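Following the numbering used here, the numbering of the sequence shown begins with 5 at its first residue and continues without gaps.
Don't read these hints as lab results, they were simulated from the structure. One or more hints might be untrue.
Unchecked claim - Across the chosen pairs, the derived CB separations fall in these ranges:
(1) ALA129 / GLU263: 24 to 34 Å
(2) GLY101 / THR140: 37 to 47 Å
(3) ASP268 / GLY348: 42 to 52 Å
(4) GLU359 / THR140: 53 to 63 Å
(5) ARG119 / LYS78: 19 to 29 Å
(6) LYS332 / GLU42: 54 to 64 Å
(7) LEU313 / GLU86: 13 to 23 Å
Owing to the predicted nature of the structure, the values given are computational and were not obtained by experimental measurement. Quick reminder that beta carbons are idealized off the backbone N, C-alpha and C, glycines included.
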Amino acid sequence: MKKQFYIDGSWVEGEKHENLVAPHSGEVLAEIPIATIENLEEAIKAANNAKTQMEKLSSYERSVILEQLVEQFKENRSKLAELLALEASKPLKAALGEIDRTIATYKIAAEEAKRIYGETIPLDAVAGGEGRVTYTVREPVGVIGAITPFNFPFNLVAHKVGPAIAAGNTVVLKPASQTPLSAIALAEMIDKTNLPKGAFNLITGKGSEIGDALVKHPDVKAITFTGSPEVGISLKNKAGLKKVTLELGSNSALIIDEEVQLTDELINRCVWGAFIYNGQVCISLQRIFVHHTLYNEFILKMKNATELLNIGSPLDLQTDISALISKKDVARIDEWVKQSLKDGADLVTGGDIIEERLYKPTILSNVKNSSDVSCKEIFGPVVVINSYEQFDEAINEVNNSRFGLQAGVYTNNLQRALYATKKLHVGGVLVNDVPTFRVDLMPYGGVKESGYGREGIKYAIQEMTELKLVSIKL
């Protein structure tokens, strides 16, 4: 079936299309339109024209629109999860989890739309400031260009569209080429809300062809991007004085301190953190540093738990591991694993390609820091386990990365827990949990090459608004 763009409240035909193929089966799911620069211009023009209507909406009206979208997601939960499983090869139970999180994200946005506050400024605190009433307000920036990845095509879009609408902005969305059907489904649901025409626009196609034009367009006032560091840094360099929020890569790490009990709960949490959605998660657990007294026990328990994971179709509720997003990624991951083994790493379990599209959940140990499976973002079902002797050694190993999104530390020692929260150079520290944990109201973002700015609805609204000072002389 041929799909269309969504521009200015209408469905618009594209001149060219390309087939969208299901990662797990290879079947053609749809024909997706490829946007031209002219299509992009139409979308930006519609968004720019819709600013006036959005500015007229009260915070209550914006909240109602987002609540309407929440209801649409609730009504279509099962269908949307199945769509996600088909186009992204996300196991159905994880897909259902993403839809539930998306509902929560838009719900939070609806609530935060009514909580965009300013503050009063006591100018009489300095000489010459007497006799004035002064306060601040936050105003929408205008047109927001949103570029999103394949791995959470509903929820990561919600983290851009939700706060944009809550703050009174308009949006031009360019979803990942691998998962456009989720964005099209979103447009269909938005079309049933009271959102003004033109306030949300969807174009599909190749980011390499329209991404630069979106970022550089003078009517686009802010860019919010989730994807690779290489692309994100390039976009930031081209954005000029626009506001930019970047959520980029990571090789998230976990420290397991001495005297920690290696319970089934802890082990299962580590397996979940490493292999949820085949490791294709920005905060997937990629590196584990275990105190040497627990090292052998931990590896054995991780191996046993990992080998219990079910490999199969994403449409089966029992499946834990399914096809990766592309055969190219399967080949890349296998190459990195094989190279690490040549460099002296030990294979604990996995390390096999299954029918070209899947990669068996893999555990490696004794891996060099310079190995690609450790120092780069693998974005696949591979986790690296190494031992350490001193806690500072583990801290330094975690920090020995060009990334810094989130890190975890399991410890029974309060002093070491607080020490880790201070010394770990990351955007978020999770004590007694894996770095893969995220709920959608918390501030989320990284340091170093992991990002710029913060998401989480309240914090994204700050990124998508301008602070204005008002001072009235009495």
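Could you tell me which of the hints above the structure violates, numbers in ascending order? 1, 3 and 6
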